[in-house]
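As given, the protein sequences belong to chains S and C, one line each in that order. For reference, each letter of the first sequence is one residue, going 1 to 522 in the numbering used here. For reference, each letter of the second sequence is one residue, going 1 to 304 in the numbering used here.
No lab work stands behind these hints, which were simulated from the structure alone. Each hint should be verified, as a subset may be incorrect.
[Said to hold, decoys possible] If you want a taste of the chain C side facing chain S, the calculated C-beta under 8 Å gives, among others:
no., residue
1, Asp44
2, Asp136
3, Asp153
4, Tyr155
[Claimed, not checked] Facing chain C, from chain S, some residues (calculated, C-beta under 8 Å):
no., residue
5, Gly308
6, Ala361
7, Tyr475
Glycine included, C-beta positions come from ideal geometry on N, C-alpha and C.
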Amino acid sequence: MLKKSKMSMLALALTSVMALSACGSNGNNDSNSTSSDSSTPAANDASTATGGIDTSKEVKLKMIFVGPKPVDYDSVFTEINKVLKEKINATLEGEFLDWSDWAQKYPLKLAANENFDLIYSANWAGYNDQALKGGFLELTEDMLQKYMPKTWAAMPSVSWGQAKVNGKLYMVPQNNGESVEKLILYREDLRKKYNLPEINSPESYATYLKTIAANEKGIVPFEPETGDWKYHNLDRILLKQQNEWNMFDLDMPFAYKLDDATGKVFNVYETQEFKDLLVYYKDLADNNAWSKNVLNSKNDHQADFKAGKVASITHNNGTLGSLITTMQQEKSPYEVKLADINPDKKKSVAISTQNGTSIHATSKNVERSLMLVDLMQNDEQLHDLIMYGVNGVHYTPAGDGKYAATDKSANFTGFSNWNFNSPLNLTNEAFPQEASDLVKKWEGQVYHYSLETFVFDNSNVKTELANLGNVMLRYAIPLEYGLIKDIDKGIEELNKQLKAAGLDKVQAELQSQIDAFLANQK
Amino acid sequence: MITFWNDLKKYKVLLLMLTPAVIFYILFAYLPMGGIVLAFKHFDYAGGIFGSPWNGFDNFRFFFDSGDAFRVTRNTALYNIAFIIINNLLQIFAAILLFEVGGKWFRKIIQSSLFLPYFISWVVVGAIAYNLLNYDIGTVNMVLRGLGMEAIDIYNTPAYWPYLLVLVSAWKGLGYGTVMYLAAITGIDTEMYEAAEIDGANIFQRILKVTLPNLYPTVIILVLLAVGNIFRGDFGMFYNMVGNNGLLFSSTDVIDTFVFRSMMTSNDMGMAAAAGVFQSVLGFVTIMAVNYAVRRYDKDRALF
Numbered sequence: 001m002l003k004k005s006k007m008s009m010l011a012l013a014l015t016s017v018m019a020l021s022a023c024g025s026n027g028n029n030d031s032n033s034t035s036s037d038s039s040t041p042a043a044n045d046a047s048t049a050t051g052g053i054d055t056s057k058e059v060k061l062k063m064i065f066v067g068p069k070p071v072d073y074d075s076v077f078t079e080i081n082k083v084l085k086e087k088i089n090a091t092l093e094g095e096f097l098d099w100s101d102w103a104q105k106y107p108l109k110l111a112a113n114e115n116f117d118l119i120y121s122a123n124w125a126g127y128n129d130q131a132l133k134g135g136f137l138e139l140t141e142d143m144l145q146k147y148m149p150k151t152w153a154a155m156p157s158v159s160w161g162q163a164k165v166n167g168k169l170y171m172v173p174q175n176n177g178e179s180v181e182k183l184i185l186y187r188e189d190l191r192k193k194y195n196l197p198e199i200n201s202p203e204s205y206a207t208y209l210k211t212i213a214a215n216e217k218g219i220v221p222f223e224p225e226t227g228d229w230k231y232h233n234l235d236r237i238l239l240k241q242q243n244e245w246n247m248f249d250l251d252m253p254f255a256y257k258l259d260d261a262t263g264k265v266f267n268v269y270e271t272q273e274f275k276d277l278l279v280y281y282k283d284l285a286d287n288n289a290w291s292k293n294v295l296n297s298k299n300d301h302q303a304d305f306k307a308g309k310v311a312s313i314t315h316n317n318g319t320l321g322s323l324i325t326t327m328q329q330e331k332s333p334y335e336v337k338l339a340d341i342n343p344d345k346k347k348s349v350a351i352s353t354q355n356g357t358s359i360h361a362t363s364k365n366v367e368r369s370l371m372l373v374d375l376m377q378n379d380e381q382l383h384d385l386i387m388y389g390v391n392g393v394h395y396t397p398a399g400d401g402k403y404a405a406t407d408k409s410a411n412f413t414g415f416s417n418w419n420f421n422s423p424l425n426l427t428n429e430a431f432p433q434e435a436s437d438l439v440k441k442w443e444g445q446v447y448h449y450s451l452e453t454f455v456f457d458n459s460n461v462k463t464e465l466a467n468l469g470n471v472m473l474r475y476a477i478p479l480e481y482g483l484i485k486d487i488d489k490g491i492e493e494l495n496k497q498l499k500a501a502g503l504d505k506v507q508a509e510l511q512s513q514i515d516a517f518l519a520n521q522k
Numbered sequence: 001m002i003t004f005w006n007d008l009k010k011y012k013v014l015l016l017m018l019t020p021a022v023i024f025y026i027l028f029a030y031l032p033m034g035g036i037v038l039a040f041k042h043f044d045y046a047g048g049i050f051g052s053p054w055n056g057f058d059n060f061r062f063f064f065d066s067g068d069a070f071r072v073t074r075n076t077a078l079y080n081i082a083f084i085i086i087n088n089l090l091q092i093f094a095a096i097l098l099f100e101v102g103g104k105w106f107r108k109i110i111q112s113s114l115f116l117p118y119f120i121s122w123v124v125v126g127a128i129a130y131n132l133l134n135y136d137i138g139t140v141n142m143v144l145r146g147l148g149m150e151a152i153d154i155y156n157t158p159a160y161w162p163y164l165l166v167l168v169s170a171w172k173g174l175g176y177g178t179v180m181y182l183a184a185i186t187g188i189d190t191e192m193y194e195a196a197e198i199d200g201a202n203i204f205q206r207i208l209k210v211t212l213p214n215l216y217p218t219v220i221i222l223v224l225l226a227v228g229n230i231f232r233g234d235f236g237m238f239y240n241m242v243g244n245n246g247l248l249f250s251s252t253d254v255i256d257t258f259v260f261r262s263m264m265t266s267n268d269m270g271m272a273a274a275a276g277v278f279q280s281v282l283g284f285v286t287i288m289a290v291n292y293a294v295r296r297y298d299k300d301r302a303l304f
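Kindly produce the complete structure, drawing on both the sequences and the hints.
If you want it as structure tokens, here you go:
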């Protein structure tokens, strides 16, 4: 018995080793044979097919999405493929990278040069980086005009501009400017219970947090989102929006003022604004507004909020709106509300690279891939299929740009189809009115500034950036969560460490790129 | 040549048994060594591992320019030394106890329960630790408060962590090491024990004069093997126990976690490879030195 199982174990081990080695060598062959001519097929195709586009040969396209494979993938994609076959003689196959390990797998898909045509791309998924490494195909204006005429007509030129890396385009961005600003979601029932004033300023929010901390045992007033953030979870609201700065996706210790036409970059941690905010945070921390071990918490803040364990969280409008919708559908006993605690400040639109589609550098079906994106964004039938699933099964149209969710809605959602966002998007009927109203209000407050399309090329200062990130994590984060007793000393130490990590060099590089960018615009 | 074939024939069963291990090491240790070149290259997708342009020692800069290189290297080495010494002592101790304690069933049950933690993933261990130790609702602090004592803020106090990590590592590795040492003890010729008993040796004398000297070769080999990895931090352990808590980095940051954090955002394969090469070179030097020292001291005990 024992012997047998050992033999089978050995057999299993051997087969897996062989399978691995086979995979490895195949992958290598692939990359060797295709990488050498990576840029040529596109160029050739574009030049030969001058007349109408030849779609006589059926092609299979493969696209990589982020997020888990939806339950009803098969049924919806069958429908999609029926339409695609008819329109561009192509079929689409999706591959899905689960949220749990997409960040590791995503670069590997490109590095291993796997065989696929399209890939979901986004600034938060390392778009710039992957583009500079040569993972994506450069898209020329000719290609766009030729293969995606509808998109070319519909997309604002700002969106194309924002998606350029070093002046070259590697992405078809989403065509639906969503707001990047964050909101606060809180428990209205608790606010009423303690007769607190309306939450519409940092001060009233602080009062709310402190009251909860003092009176509601077992409820954590605020819980941050987990992740490798380099700033406090509330900094987007309390530092960036409050002071009307742009902070480079909160990835670096730099910012510039939105209304500063010269785009002068400064070190965030040396400002009085930051110091004032630290006093605010320290006061909150001392009053137990968040867990003392907040840095080690791995809790999902949305789940905890839903369960009533947390009294406020922060996220963007869309996410919080969906959370409210879910809570209402599940008949949650809590009354919740959105708060904009700096309502009069300038709001920025998410840059277009928040969601987008890129073509794999070694794709053999570039034209058909571009045509597919064109359809997905602008063809109502396909757009609705990929975004909401099958009409009547996963959603029912409710007219007036709205749809109603069905009990099967959950079977086709949760993955990155947002790159196909477009003016054709429908909103969930149940989406809270207040969230939609805020979106409308913000649309009127959107502030456009000259550096809106500026993208930092970090290739010269990668080393310094890696080290700066480490310093921010080690010295800035504990400081912001009020875990360091002496604020002045903390700031001093932080800035000393940042200087040692190469702050000045990165700042100079950033400033020179901004200056060049602005000079170019004139 | 003839002798080679003869040997091959003679040892064919043994060689066959060795084959999977050889294949494994060729595939997963020798072939990937080619990837070392990446440490000296500026990686891009079009060029791949071998076609990317060279950039000299640029990739090593981030590690040494950070000012943290010394701290994390020291942490890695010190933690591993502590792990090696404490874990081995505990494992030998547990193995001897188990060997001397009678009762087949009792021994089996103890052995299995010692082994259990070895199978728990570090992610789970990290979660258990958080639930035990956190300030607000951790079991430890609940008990302390219940007894009227001050709660201790473990996750914000770096000083506790070296002890805590050593403890967790010992707890998790105990069963595995114990089984190895127990096997070595079981392999000791029972006649020696009988002879010792006839000569009137009591249990402590038997342990000191028979068991321990016979364990010595096993200890040396296991320690030597462990020393080769002295500059590799156990990433799973450090990352899951400490996470991204910057307050604790001063006493818990090891090379692997440091590199992971730096590379999470920049995603630069060349820099990651450079850190790996740095660790390998240090490990190589250490194992050569230690092996040399052992050989000077006792030729038969050295690895090679």
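Going through the hints against the structure:
At a threshold of 8 Å, the smallest CB-CB gap from aspartate 44 of chain C to chain S is about 5 Å, leaving the interface hint in force. Below 8 Å, beta-carbon pairs count as interface contacts, and aspartate 136 of chain C has one with chain S at about 5 Å; its hint therefore holds. Taking 8 Å as the C-beta cut-off, the interface hint given for aspartate 153 of chain C holds, the closest approach to chain S being about 6 Å. Hint status for tyrosine 155 of chain C: holds, given a least beta-carbon distance of 4 Å to chain S, under 8 Å.
Proximity of glycine 308 of chain S to chain C is violated relative to the hint, the smallest CB-CB distance being about 15 Å (cut-off 8 Å). Hint status for alanine 361 of chain S relative to chain C: holds, with the closest Cβ pair at about 6 Å, below 8 Å. For tyrosine 475 of chain S, the interface hint holds, the least distance from its beta-carbon to any beta-carbon of chain C being 7 Å, beneath 8 Å.
Against the hints set out earlier in the document, a violation occurs for number 5 only.
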